[in-house]
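Colleague: Quick mapping for you: the protein sequence lines, in order, are chains A and B. So the first sequence is numbered by our numbering: it starts at 410 and just counts up by one. So the second sequence is numbered by our numbering: it starts at 189 and just counts up by one.
Everything labelled a hint here was simulated from the structure, so no lab data went into it. Computed from a prediction, not measured in an experiment: that's the story for all the values here. Errors might be hidden in some of the hints.
As the list claims (entries may be wrong) - Among chain A residues calculated to face chain B with C-beta under 7 angstroms, some are:
hint, residue
1, Leu453
2, Phe455
3, Gln513
4, Ser518
C-beta: ideal position from N, C-alpha, C; glycine also.
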Amino acid sequence: AQSVAQPEDQVNVAEGNPLTVKCTYSVSGNPYLFWYVQYPNRGLQFLLKYITGDNLVKGSYGFEAEFNKSQTSFHLKKPSALVSDSALYFCAVRDPISSGSARQLTFGSGTQLTVLP
Amino acid sequence: GAGVSQSPSNKVTEKGKDVELRCDPISGHTALYWYRQRLGQGLEFLIYFQGNSAPDKSGLPSDRFSAERTGESVSTLTIQRTQQEDSAVYLCASSSYQPLGDGYTFGSGTRLTVV
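Work the whole structure out from these sequences, hints included.
Modeller: If you want it as structure tokens, here you go:
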């Protein structure tokens, strides 16, 4: 079975400071990992994904994430936060060797990021 | 269409009434998913359709919930005898079955309020 943990319900950071939103995962094989963002009253939007290759992946709006296999983590980062980054962030995982309905993405519980001006 | 379309965007209903939520996936996406998001909470998986295979209904919270999808087109999620705890945003997403590196494309959701 695959699972995702986002240990922080809430992250607060001052504008201009670096931000990190944490995610750890559990799968039986090599994971496919995703980050989504949800702005108020909107659906989830895709930010970035890790499939294979470089451990540091870059995505939309200046976000990046680092895949760490030994720590089974995929933390989302941004060097300089903006107030407009304030939103709910979801990490998700898929185990590519799974079959049937297990091919679905499993989402974490979400982390509310607030960037203070 | 270009994206996943859900209707209505907002629905207020009285306790005990039935509601039907609609999802139009991206053309060519064989997989379709329904999730529920209660206020301040994460995504709760409800049901998954893949082509003409039997759907995975393992996430449906009770027999008041049902969903249908004809082929690879529109899906409807029906909630019978609505209860206040059904109040939530219901999100639909679609994806291609292959490759697995594709994520989901989400609709904007239907905000259901049971009064």
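Colleague: Against this structure, judge whether each hint is valid.
Modeller: Here is what the structure says about each hint:
1. Leu453: 4 angstroms, holds
2. Phe455: 5 angstroms, holds
3. Gln513: 5 angstroms, holds
4. Ser518: It holds, given that the least Cβ distance between Ser518/A and chain B is near 4 angstroms, below 7 angstroms.
Of the numbered hints listed earlier, not one is contradicted by the structure.
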